[in-house]
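Protein chains in written order, with my numbering: chain C, 1 to 337; chain A, 1 to 312.
Worth double-checking, as some hints may not be accurate.
What the hints assert, rightly or not - SDA-like, lysine to any residue: derived pairs with alpha carbons at most 25 Å apart:
| hint | chain 1 | residue 1 | chain 2 | residue 2 |
| --- | --- | --- | --- | --- |
| 1 | C | K180 | A | I257 |
| 2 | A | K93 | A | I257 |
| 3 | C | K92 | C | I227 |
| 4 | C | K92 | A | K93 |
| 5 | C | K180 | A | I211 |
Claimed, not checked - Footprint (simulated), chain A over chain C, 3 or more residues, beta carbon under 8 Å:
| hint | region |
| --- | --- |
| 6 | 27-34 |
| 7 | 94-100 |
| 8 | 306-315 |
Treat the hints as calculated values from the structure; they're not laboratory data. Backbone N, C-alpha and C fix where the C-beta goes; we use that ideal spot for every residue, glycine too.
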Amino acid sequence: MSAATEAPLLELDGLVTEFRTGGAWHAALRGVSFALARNETLALVGESGCGKSVTALSIMGLLPPANSRIAAGRIRFAGRDLVGLSEEAMRKLRGNEISMIFQEPMTSLNPVLTVGFQVAESLRYHRGMEGQAARRAALELLDQVKIPAAAQRFDDYPHQFSGGMRQRVMIAMALACRPKLLLADEPTTALDVTIQAQVLALLAELKSAYGMAMIFITHNLGVVASIADRVAVMYAGAIVETAAVDELFARPTHPYTEALLRTIPRVDEDSAGLAAIPGQVPPLSAMPPGCRFAPRCALREAECEATDPALAPLPAAADHRVRCRVRAPATAAPRHA
Amino acid sequence: MIGYIVKRLLLAVPTLWAVLTIVFVLARVLPGDPAQTILGDQATQEALVAMRHRLGTDKPIAEQYADFLANAVRGRWGDSLVTGKPVLEEVGKVLPYSIDLTVSAIVLGALIGVPLGTWSALHRNAAFDYIARLGSLLGLSFPAFVSAIMLLLAFAIELRWFPVIGAGGSGPWERLRAITLPTVNLGIIMAAYVTRVTRSSMLEVLGEDYIRTARAKGVPSRVILWRHALRNALIPVVTVVGLYLGILIGNSVLTEIVFNRSGLGKLIVSALDQRDYTVLQGMMVVYAFAIVLVNLLTDLTYGFIDPRIKRQ
Numbered sequence: 001m002s003a004a005t006e007a008p009l010l011e012l013d014g015l016v017t018e019f020r021t022g023g024a025w026h027a028a029l030r031g032v033s034f035a036l037a038r039n040e041t042l043a044l045v046g047e048s049g050c051g052k053s054v055t056a057l058s059i060m061g062l063l064p065p066a067n068s069r070i071a072a073g074r075i076r077f078a079g080r081d082l083v084g085l086s087e088e089a090m091r092k093l094r095g096n097e098i099s100m101i102f103q104e105p106m107t108s109l110n111p112v113l114t115v116g117f118q119v120a121e122s123l124r125y126h127r128g129m130e131g132q133a134a135r136r137a138a139l140e141l142l143d144q145v146k147i148p149a150a151a152q153r154f155d156d157y158p159h160q161f162s163g164g165m166r167q168r169v170m171i172a173m174a175l176a177c178r179p180k181l182l183l184a185d186e187p188t189t190a191l192d193v194t195i196q197a198q199v200l201a202l203l204a205e206l207k208s209a210y211g212m213a214m215i216f217i218t219h220n221l222g223v224v225a226s227i228a229d230r231v232a233v234m235y236a237g238a239i240v241e242t243a244a245v246d247e248l249f250a251r252p253t254h255p256y257t258e259a260l261l262r263t264i265p266r267v268d269e270d271s272a273g274l275a276a277i278p279g280q281v282p283p284l285s286a287m288p289p290g291c292r293f294a295p296r297c298a299l300r301e302a303e304c305e306a307t308d309p310a311l312a313p314l315p316a317a318a319d320h321r322v323r324c325r326v327r328a329p330a331t332a333a334p335r336h337a
Numbered sequence: 001m002i003g004y005i006v007k008r009l010l011l012a013v014p015t016l017w018a019v020l021t022i023v024f025v026l027a028r029v030l031p032g033d034p035a036q037t038i039l040g041d042q043a044t045q046e047a048l049v050a051m052r053h054r055l056g057t058d059k060p061i062a063e064q065y066a067d068f069l070a071n072a073v074r075g076r077w078g079d080s081l082v083t084g085k086p087v088l089e090e091v092g093k094v095l096p097y098s099i100d101l102t103v104s105a106i107v108l109g110a111l112i113g114v115p116l117g118t119w120s121a122l123h124r125n126a127a128f129d130y131i132a133r134l135g136s137l138l139g140l141s142f143p144a145f146v147s148a149i150m151l152l153l154a155f156a157i158e159l160r161w162f163p164v165i166g167a168g169g170s171g172p173w174e175r176l177r178a179i180t181l182p183t184v185n186l187g188i189i190m191a192a193y194v195t196r197v198t199r200s201s202m203l204e205v206l207g208e209d210y211i212r213t214a215r216a217k218g219v220p221s222r223v224i225l226w227r228h229a230l231r232n233a234l235i236p237v238v239t240v241v242g243l244y245l246g247i248l249i250g251n252s253v254l255t256e257i258v259f260n261r262s263g264l265g266k267l268i269v270s271a272l273d274q275r276d277y278t279v280l281q282g283m284m285v286v287y288a289f290a291i292v293l294v295n296l297l298t299d300l301t302y303g304f305i306d307p308r309i310k311r312q
């Protein structure tokens, strides 16, 4: 990043997050690096277990301390390194400058507290708002996320809301303190298709209204095109391809990205069935030594199974980077083993 | 809420009716003639007939059943065969002592058990957790009469802090002193149960998505614990406290005997000892009623804790 351009809001540099299973530490993220500008939306895409959510939780500092740790790397947010920040300092950031919404609206709200109370809570702990002021502000938020008759529903409990409405409440909660960064972890996956579109439209609208940067985590590439500026495809704890959204859809280069795109069912083509990527993401404790995707890759060469390639820019587009020694032969040695 | 209470009370009516019926049947299938029991072996035939007439046992069984139910509803549970006083009066005399002891044991158990279980869950697998779990296991496996005797030896006889026997005099201070050791005895067992349930329930709740949401909002961990987690974790605790009442009835019999305290437990034991059938009948109804009442309170507490239950 040159001095002339604005410093990124969020910058991950070689982030390695490890989990302890069976007494040994295994890397769930193995050197994730990306930068996110203000107002930019980055889509993190990949299959379950590829490290998307772990990336978000690492940024939030919400990983369980008992069996997880950030072993290396930095998370620079608005000029501060979040790795090693005290829990109290992280608490002040969470819900205030960085917010997160989760996949499961049905279980992500506390069943014994009213919806209004839960929305007002962020305001209480970050803005010191109490009583009527907090209530008014929370009500306004519920209006903004388009909850019908918000004033009447303020004192209702989560079980009286539908899934889509609960996700709106989650969004209201996350946006209460006008965060600079929103982490949306598959926010529409658990919703009906029609509701998905509404929630996506709402997120896009609020994002531009609030001027937030957003990391949008999904395994649904169809959603990505409509909401993201840039895409990072993750596989087995590493980014395997990143590019501007149009560039990625026009020129998917990593074999995994290609395979992911093929899995989107198309209505304009006859096909015998749904395309699937054969095999599965290897478990943390049994990662192949070379390219993590090699065992499932059609383009696999002998060398792929021996060395892990680095994320290298394509000659045609420097901003389009791919981790594949077949498709994007790199000159550099792998940075993170 | 009031509709809910009324509904629950109406549901208790068939339960109580069933209990009364069982009590009635039990009293009739037991061998022996109550009139004979009251008057003794040497009674004349005339006296027996007169007594049967007085007791109503000479009437047809259906009529007896109708009388029994009608009397039970009106609070006429007959007279004690030993003292000749109405059963209700006998029960009423000792009931306050039992309520004192039960309530204070439950309060003590909850006051110790809930924080201990919560703390244990928070420090899972740390030294404190092991100590708390070991301690609660000890509390669960210790017979109430043994711990009662140990408490007596230590605090009443050696240290002389508390009276050895009795329920205390008239003054509140005396009553408090007298109830302390029995309460500790029952409360510690109670605390052991509550600690274990609170711990496991808390561990489950702390792993829920909404706790992560609260953390993601930047809610301080102390608030997450007490406001977000504990209320959700309390439902199984309330269940156990409710169920524990049944165990408490058993343990309070022993405790009342060891501390020579009056109460339902002692009354039922002496009634059994002296074959005082009418008192036994009355006590069965009282216990059944107590259990029904506790279940009602438990359900109401659920509704108070969890809004989802109230609406159903």
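Verification of the hints:
1. Taking the CA atoms of K180/C and I257/A, the gap is near 69 Å; set against the 25 Å cutoff, the hint is violated.
2. About 17 Å separates the Cα atoms of K93/A and I257/A, which keeps this hinted pair within 25 Å; it holds.
3. Of the pairs offered as hints, the one joining K92/C and I227/C is violated, with about 28 Å between alpha carbons and a cut-off of 25 Å exceeded.
4. Of the supplied pair hints, the one linking K92/C and K93/A is violated, its CA atoms being roughly 60 Å apart against a limit of 25 Å.
5. Distance check on the hinted pair: K180/C and I211/A sit about 23 Å apart at the alpha-carbon level, within 25 Å; holds.
6. For the region 27-34 of chain C, the proposed coverage by chain A is not satisfied: 0 residues have a C-beta within less than 8 Å of a C-beta in that chain, short of the threshold of three.
7. Under the rule that three or more residues need a Cβ within less than 8 Å of chain A, the assignment of the region 94-100 of chain C holds, with 5 such residues.
8. Judged by the Cβ-Cβ criterion of 8 Å, the region 306-315 of chain C is not covered by chain A as claimed, because only 0 of its residues qualify and three are needed.
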